[in-house]
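Novice: Read top to bottom, the protein sequences are chains A and E. First residue of the first sequence: 1, per the numbering used here; consecutive thereafter. First residue of the second sequence: 1, per the numbering used here; consecutive thereafter.
Derived by calculation from the structure, the hints in this document are not laboratory data. From a predicted model like this one, the values you see are computed outputs, not experimental measurements. Ideal Cβ placement from N, Cα and C applies to all residues, glycine included. Hints should not be assumed to be uniformly reliable.
[As the list claims (entries may be wrong)] Partial pick of chain E residues on the chain A-facing surface, computed with a CB cut under 7 Å:
#1 I7
#2 V15
#3 T26
#4 I36
#5 V40
#6 L42
#7 V43
#8 V72
#9 R107
[As the list claims (entries may be wrong)] Residues from chain E that keep clear of chain A, each with C-beta distances beyond 10 Å, as calculated:
#10 A22
#11 R31
#12 A58
#13 A67
This is what each chain is made of:
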Amino acid sequence: MLNVAQQAPVESVEQVTALLFYLFAVLTCLSGWAVVFSQNIVRMSVYLLLTLGGAAGLYFLLNAEFLAAIQLVVYAGGTLILIVFGVMLTSKSPFAQLRVQMWEMMLGVLVGGAISGLLLFAWVRSEGPSAVAGNTGGAGYDQVSAIGRALLGPHLVAFEVAAVLLLVVMIGAAYLARRTVQR
Amino acid sequence: MNPLLNIGLTHFMLVSIFLVSAGIATMLTKRNAIGILIGVELVLNAAGVNFVAFNRYAWPGSASGGAAIDGVVFAIFVVVLAAAEAAVALAVFLNFYNNFQSIDVERASGLKG
């Protein structure tokens with residue numbers, strides 16, 4: 001009796017994890033490919049939002065909670081809003097539909113499928129990573145402080161370069177979007 | 001049932017492969033410049049999922065010690081760079097729209113030939 005009770009919870013955790021994974025994975029992949037096949041730029045932005053949300057769910061499943069939060073706040077809540085602003089500012093009303101011919105679409109899908117097949121082939125034929133020990137953190141693991149230490153420790157140069165990059169981007173975007181004097 | 005229930009590295013690799021091929025197909029088939037930007041975002045997301053999946057399943061940690069979260073740190077850098085690149089790309093597209101009154105990349109043929 002005790003053995004059965006001890007076995008059942010473990011299996012159901014696995015099942016719940018698998019169910020959540022398939023949910024988020026199907027959401028992400030279907031939305032990603034829906035972007036390819038939609039002709040309306042606003043619909044593509046919505047499908048991108050769904051893809052970003054699905055990727056955030058996958059990050060939660062991979063024990064990267066801080067990254068999932070960053071993905072939702074910065075990516076879905078910042079970059080996607082920027083894209084929607086761009087869509088709004090560069091369209092005449094009604095929304096322009098730039099149609100692509102069918103043969104171009106087929107060619108694009110063919111190339112995408114070929115790349116996918118090549119990557120699948122490479123993955124199946126590879127030996128896989130050598131150290132499959134896995135990394136779940138363990139008890140008392142504070143991810144935010146670990147990321148902070150990593151950013152100020154081993155990855156300090158990349159952190160500083162990213163900061164300089166953001167400064168350059170800010171100046172560049174402000175310059176590009178300036179209001180020019182009307183002659 | 002076991003490979004379906006036991007979520008491993010291969011499952012996340014499949015998601016990443018799907019996303020990267022979708023992103024490349026989007027970059028190839030869109031005439032709207034913002035559509036191409038959306039394709040780039042898809043590819044970057046696929047790379048992020050790849051990084052974090054390998055960090056969770058196959059990264060014992062670096063030689064210098066510290067917590068083994070280098071994959072997560074790289075995925076954070078990917079998010080930062082994607083945001084910066086989207087900002088600059090949209091500034092360029094806004095200028096293009098102001099000059100050509102269209103966001104169609106077929107109109108950007110000034111350097112052709």
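Novice: Run the structure past the numbered hints and jot down the numbers of the failing ones, going up.
Specialist: Violated hints: 4, 5, 7, 9, 10, 11, 12, 13; rest satisfied.
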